[in-house]
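Visitor: Next come the chains, spelled out residue by residue.
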Amino acid sequence: MVDVRRLLPRGYLFTVLGIAVGVAGLVALGAMAERITRFIDGGDRFVLGQISVAGEGMGMGTGFTAGGLLRASKIQEIARVPGVAAVQGQVMLPLNPTTSQFLTLTQELILGVDPAVRMSNREFRELPVRDGRFLRVGDRGVVVVGADFAASRRLRAGGALDLATGRTFQVVGVLDKTLTAPDRFAIVPLDDARDLWLRRDPLLVQVFTGAGGLGRGDLNTGAAVAWADGVDPDALARRIQAEVPGLNVTIPGELSRLLRQSTAFFSALLFGIGVLGLVIGGLSLSNTVTAAVFERIRDFGIKRALGATDGQLLREILGEALGVSISGGLLGVGLALAVGTLVDARGDGQQLFLFSPRLLAFALGFAVVLGGLAATYATLRIVRLSPAEAIRRGA
Amino acid sequence: MLVRAHGLSKTFRGPDGSPVPVLHGVDVDVKAGECVAVAGPSGCGKSTLLNLLGLLEPLDAGEIWLDDVCVSRLSRGAQCRVRGRSIGYIFQSFLLIAGLTALENVLLAARYVGRPRPEALAEARRLMDRLGVVHRADHYPAQLSGGEQQRVAYCRAVLNAPPLVLADEPTGNLDDGHAAVILAELRALCRERGTSVILVTHRADAAARADRVLRLREGRLESQGGDGHS
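So the sequence lines, in the order shown, correspond to chains A and B. To convert, note that position 277 of the first sequence is 277 in the working numbering; the numbers rise steadily by one, no gaps. To convert, note that position 41 of the second sequence is 1041 in the working numbering; the numbers rise steadily by one, no gaps.
It should be emphasised that the hints constitute simulated quantities derived from the structure, not laboratory data. As the structure is a prediction and not an experimental result, all values here were calculated from the model. Please note: incorrect hints may appear among the correct ones.
Stated by the list, open to error - So, partial list: chain B residues that the calculated Cβ filter (under 10 Å) puts toward chain A:
#1 P1021
#2 H1024
#3 S1047
#4 G1077
#5 L1108
#6 R1156
As the list claims (entries may be wrong) - Sample of chain B residues facing chain A (criterion: CB under 7 Å; computed from the structure):
#7 F1012
#8 L1059
#9 D1060
#10 C1070
#11 R1083
#12 G1084
#13 Y1089
#14 I1097
#15 A1109
Even for Gly, the Cβ is constructed at its ideal location relative to N, Cα and C.
Using the sequences provided together with the hints, build the complete structure.
Guide: Set out below in structure tokens:
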């Protein structure tokens, strides 16, 4: 078995552990910040990737397609507007209607799409499937679930899922993690989504079966509109609004700004977490390295007595500080990864940490640079002392 | 004449910041190959004198010359080089570095003067063999007895064959047997290599074997002559 103590400069084991704790704190806080950033960025990419359209009115759907019923005739009118490349009618429903109005950032959604129509969102042309397959033309009674949705219910391709009382769907695919909204989606064929909607909404059933003149094709909570290459999406959204009456049209740029405003609290929180991580990790690391150097002041006094110059001593201490900082940094990263993985594996499907390569590289770089600065500061303090004074202070 | 020191004075600061004078205008001359003992009651300034002569402590007043160079006026870097090449130290409490083995401690003296490692390694092993500690080369100081530690410290002090060796109570923590070994080596150093040795000691037998004994009292030189053996 490898004796770790032999791999480190002798006497530095506790220094390395001290640095590891500081770096682990920095990495863990940073990973939580990264996770929230990815979630917000994912939402932003989504709204900037399509023009979301719903029917006029207060809304029967949810999410990005909230608004009135969007009839098939309206979808055809939208498709004729110059600059529109494709229109995909959708049904988006909350999985649990009683909580959907409150938990808007993390709510689970049922999304009905027509696999025959290409996904209209430029940023999410294809959703990556981890297990099984995506929806195919002609599918009925099947569902593809997001990664968090699957994890919280221990679902795999081949399993079964009850999306409404008495209506069981076969799970044909599980999506890869996107770290944003689709992680909590249950995606079903459009016709199945329409059935689920009708089961849930008695008022809609009366309208549908009465004299409203509605067909199944009119049952859309909204549509995603794709634009042709080179078209300004905001300008196109305004053109659709002007040319097709009776629509709620979201302007991608405005929606993105709205989203940013509504997540301003999280952005501030992220900034706070980042600053806190840097302060805690930085103080812990620099204090540990400085204390470790001062702890060996007697040794450096002896070395000065043996002829070590300022430069030789600085190089020697910096070399040791570098070794110790890298060891502590790697150990801290490993510690944070282990704790983060354990926490994220607790089974409720929520991923709290995102250990991005840029975060890990930053943490290691931070440890090395700060360790070097702390060691330099301590060395400059020590070389100002006479060798005899350094030996006395270290005695 | 190897060492000439004139008017050496040193004052420390007490806990309340008040001045505590330790040495007052001390003059010391030591010839090449001479063994000089420094004696006197505790607190009379013996160790401070040795620290000043070894450039381990800055002077308040006076000058120190090694051969033709006024080393007390040199820059900090130049004084480091003088310490590495021209002066060897042996301390009462050995002052070995705990994180290094006995051999690494000895070799430390060669590191800072840029001496080739193979040559230094061979010399270190030869010295350790002569002092009877070569079998302890890979042991850490905590694994050595006091006598062994002081013999390792002696090897480190003389590895670069410095013309001046300063020994501050080198036998203070040793039994008579180990003390005799160290004192015999210091005498041999003067005789065989022409090294100058300045030895702070309380032991009458050690002072008696020196060429001269400097007697300090309350920071002043009381006598500097010839009551040791030649």
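Visitor: Now look at each hint and say whether the structure bears it out.
Guide: Cross-check of the supplied hints:
The beta carbon of P1021(B) is not positioned within 10 Å of any beta carbon in chain A (closest approach about 17 Å), and the interface hint is therefore violated. Because the closest C-beta pair between H1024(B) and chain A is about 19 Å apart, greater than 10 Å, the hint is violated. Satisfaction of the interface hint for S1047(B) is found here, the shortest Cβ-Cβ separation to chain A being roughly 9 Å, below the 10 Å cut-off. The interface hint given for G1077(B) is met, as the beta carbon of that residue sits about 5 Å from the closest beta carbon of chain A, less than 10 Å.
Using the Cβ-Cβ criterion of 10 Å, the hint placing L1108(B) at the interface with chain A is satisfied: the shortest such distance is roughly 6 Å. For R1156(B), the suggested interface contact is upheld, since its CB lies about 7 Å from the closest CB of chain A, less than 10 Å. The criterion of a C-beta within 7 Å of any C-beta in chain A is not met by F1012(B), whose closest approach is roughly 10 Å, and the hint is violated. Taken as an interface hint, L1059(B) does not check out: its beta carbon lies about 11 Å from the nearest beta carbon of chain A, beyond 7 Å.
At its closest, the beta carbon of D1060(B) sits 12 Å from a beta carbon of chain A; the interface hint therefore is violated under the 7 Å criterion. Interface hint at C1070(B): violated, since its Cβ lies 18 Å from the closest Cβ of chain A, which is beyond the 7 Å cut-off. A hinted interface residue such as R1083(B) counts as satisfied when its beta carbon comes closer than 7 Å to some beta carbon of chain A; here the least separation is about 5 Å, so the hint holds. Nearest Cβ of chain A to the Cβ of G1084(B): about 2 Å, under the 7 Å cut. The hint holds.
A least Cβ separation of about 6 Å between Y1089(B) and chain A falls short of the 7 Å threshold, and the interface hint therefore holds. Evaluation of the I1097(B) hint against chain A yields a held restraint, the C-beta minimum of about 5 Å falling below 7 Å. For the restraint placing A1109(B) at the interface with chain A, the shortest Cβ-Cβ distance is roughly 5 Å, inside the 7 Å limit, so the hint holds.
Figure legend: structure checked against the earlier numbered hints; hints not met, in rising order: 1, 2, 7, 8, 9, 10.
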